[in-house]
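Colleague: Spelled out, the chains give:
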Amino acid sequence: MLKAEIYITLKKTISDPQGLTIKHALESLGYKGLQEVRIGKLVTIRLNTGDKKEAKKQVDEMCQKLLANPIIENYSFKIEEVK
Amino acid sequence: MRFGVVVFPGSNCHQDCFYVIENVLNQPVEYIWHKSRDLDSFDCIILPGGFSYGDYLRTGAIAKFSPIMRQISHFAQRGGLVIGICNGFQILLEVRLLPGAMLKNKNLHFICKYVYVKTKNNKTPFTNLYRKNEILKMPIAHNEGNYYIDRDGLKKLKKNRQIVFSYCSQDGDVNKKSNPNGALANIAGIINKKGNVLGMMPHPERSSEEILGSKNGFLIFKSIAKWLRHRKNI
Amino acid sequence: MIKSKVYKNLGLKEEEYQKILDILQREPSPTELAMFSVEWSEHCGYPRSRNWLKLLPREGKYKTLIGEDSGGIIVDGLAIIFKMESHNHPSQIEPREGASTGVGGIIRDIFTTGARPIASLNSLRFGSLAEPYNRYLLRGVVDGIQFYGNCLGVPTIGGEIYFDESYNGNCLVNAMSIGIAERDKLAQAQATGSGNSIMYVGSSTGKDGIGGCSILASHEFKEGEEKRPAVQIGDPFTEKCLIEATLETLATGYVVGIKDMGAAGLTCSTSEMASAGNSGMEIDLAHVPRREANMEPWEVMMSESQERMLVCVKKGKEKEIEQIFSKWDLNAVVIGKVTDDGIVRIKDKGKIVAEINAHSLTQAPVYDMPYKKPNYLAHLNKLDINKITGPKDYNEVLLKLLGSASICSKTWVYEQYDHMVQTNTVILPGSDAAVIRLKGRDKAIAATTDCNSRYCYLNSYRGAQIAVAEAARNLVCSGAQAAAVTDCLNFGNPEKQDRFWQFKSCVEGIADACKFFNIPVVSGNVSFYNESPKGAIYPTPTIGMIGVINDIKRVCTQYFKKENEIIILLGLSKEELGGSEYLKVVHGLIKGDAPELDLCLEEAVQKTASEAIKKGLVSSAHDCSEGGLAVALAECCISNKENMIGAVIDDLRFDIRKDAVIFGESQSRIILSCSKKSVSKIRDIARKFAAPFQIIGRTGGRYLKISDGKNVLINLPIKRMFDKWTNSLQLLITA
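These protein sequence lines are chains A, B and C, in that order. In short: position in the first sequence from 1, add 61, done, that's this note's numbering. In short: position in the second sequence from 1, add 2, done, that's this note's numbering. In short: position in the third sequence from 1, add 814, done, that's this note's numbering.
FYI, nobody ran anything at the bench for these hints, they're computed from the structure. Idealized CB from N, CA, C, for every residue including glycine. It is possible that some hints are incorrect.
Derived list of chain C stretches under chain B, where covered just means 3 residues or more per stretch with a C-beta under 8 Å from a C-beta of chain B [unchecked claim]:
hint	region
1	963 to 971
2	1223 to 1234
3	1411 to 1424
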């Protein structure tokens, strides 16, 4: 079986008020020197296949069709073998 | 003329829209279940507010793939009138019937309150009874109404007069202070290039009766009725 | 042999275990023991409170409907069903999920009667916002309520929020919901007709919430973090589908009975439906839809997974019901049938795991709890008012009060709630009571929640009476007549005698006040064990009250409407400061007795205001509560931000201490504003009811000015008051 971990984040050009809020919160806890905090979504999908190439194709399609909105979001994913 | 109000399982403003059409506008109206495929008998489709399919991934993202949305795209291509209110607007963006996307409100909270919007374009089937720049009091109620589009897109919207409503102050000032959710250029509602698909965040169905505090939204429904009547005569 | 540790961990006492042995004539199976423990817990069986709850009146002006899970009244053939319920302990551990499942649960109680939910309210209490954890709680609770209620499309139209140190470590989240149904369309929570099918509908069952009601709600808080697994997770989208599917199902006429799987899920719903129908029931857990593997039978019976219901369906009509639920993508599975032997029989793959007489499960033992008046009261009630120095700067005090967490505007909260969906909200949150219209009728209903728990701490009996009187007064100010009550009784550990005395005194207070006003208590909820290591919360008998407005054109709001109108004070200002917000915020004292309450005076004032509003003589009406007359007047000036109007108050009588006139919290007072020509007519009405009547000033200008004839005590720009009042909560939260 394969497991896909998909990360969806707002594009760099779009301001991320959730990330900003958390950055402020971390700074108020004393963490200095934070360059940037950004929030995203993590989607995990277990696939009943061993074909990594095929899985990659499928997951990419899922992201484009549904999981991410290309106008505002970027995505990346990794696929690994699991039991 | 016949109005249809689309019902997704998570819609929650469909009854409010239905009520206004039936009892205030006094026109025939029917519910359209999201699995249905036949829109031939309708003149205007309303995509109401709510949380279509729960909206856990992204507002309107799943609604995009429902059978009804494919039909609505065809319906719009044929020139039928479509108005998306709140979640309906979000869905229209997801299916690309309208350009742009919605981000979370800038203050990260759901916002339910009366706001003012300015009628930037009154030459549409939905706004023909308003005066140009008329200031309207209507409520908003959403989590994601922070409209976004890239620079080129915004240029095009402006050039084609596609911005129909902009958030403004009680006195009509369109500025940062009168922007409730962070929407780009204070955009509250836009129309497609062809002029038959409108998306707006404020709720005209909640501001169509004096007893609820404002009747400013009602002219949208009345404008539609006038436009349809006119078209049918031709 | 079951060890005592096991049943004690489940919250059962030694003698309760003995009773179970007597009933069964054998040792209980683990599943049976779990079932008894939840059914006999305070949350389900009310063993400690039931004797006292009998005092509450059940009849009033309108015909009442009293059910197990909710109640209501009939107005013009329309059933108005409502109830308030606590979700305190889960919210203290996980505020967002705790509050959202609280909202979900109370709404299920409403629509399982066949009523469509039309509005929600909530009464919230937290410790001081100076503590970061309390800020986290407030944010989380508000987020949970908005998340769930907004998604469902049920408007959250009102409520209250108070802050007090006594809620440090034990916040209160009381959620109330209102629904309407045609009277002859109401459903029963029972299973009857041997052979009829028992269907499980809604979400699948998981391990969430196991033991939530019996263990969580029956013990004091010590180490909160460890209890996290017992918190349930809510899914409003599923609940939305469940509402529609249920109402559609009930309309078929094939449903014999229906019940929410709330606290203790399948245990409560099976045993209570069987018991209510004088029937038995046999189900097989193998058919229960699950989303987790390896669940023990007792876990399936105890699970508090949300958004599930049990339905008794006429034999042969199961397919029809299944079709409706599958349209909404929900489970609907036959898991058993009604029997005629009065036994609840639970099987797991055909093997019996529990077999108990339904009545013996639902008839929890009743305890006569010992009680004793708390010792601290004698000291607490002593307040030498002469030792309190009056303020030098009244302006400063008023601003301080307007900015105090309990008094300041709650806009930050209610703007996160969708309070307009369903297009019935005629008076929005922010006035004395919210008003919703009933489409297609001239009538409207008003709703409010009220309780000043500090008064109840200082004087439990009178504090509870005041909660009833103030709720009724709020309704009157919106143009309504008080019609019925739901109460949510939040107290500390009932096994401690002083706590139980508070409970019984409050119940007596509610009962007497409701009887006096002829208002029935149609539903309610008891929440005990609200304690932190530092002690019990203030006794908090929250009153949720519904009122009826006969002519929707005669609704009224609290803010001034026009310049140059006359301002009238109905009622009397007495020289009392005990329990006031002024005493606490300015002098740092929580002392004295609760304000006096003369029910006859209260009635006279309410009747006067009510008749004046009905005759269309009044422009605005606002009750005086926390912060006294000055705060109430300020609110009249500033609570409509689009049209703020000042006032000049120069005719107030100052025959007692000035600070008592201005900031004291004497009960039974209402501020009216009206045109000059209405004054004499209102005076006549006041005379008729023998209500004290006083013209105190007029509206107009950009200031609130209060003078005692010689000196100006208060002179503040309304803009300055508005800013303080509006911005304080957000500043306190983001501190």
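Colleague: Confirm or reject each hint.
Modeller: Taking the hints in turn, this is what the structure says about them:
no.: 1; hint: 963 to 971; in the structure: holds (count 4)
no.: 2; hint: 1223 to 1234; in the structure: holds (count 7)
no.: 3; hint: 1411 to 1424; in the structure: violated (count 0)
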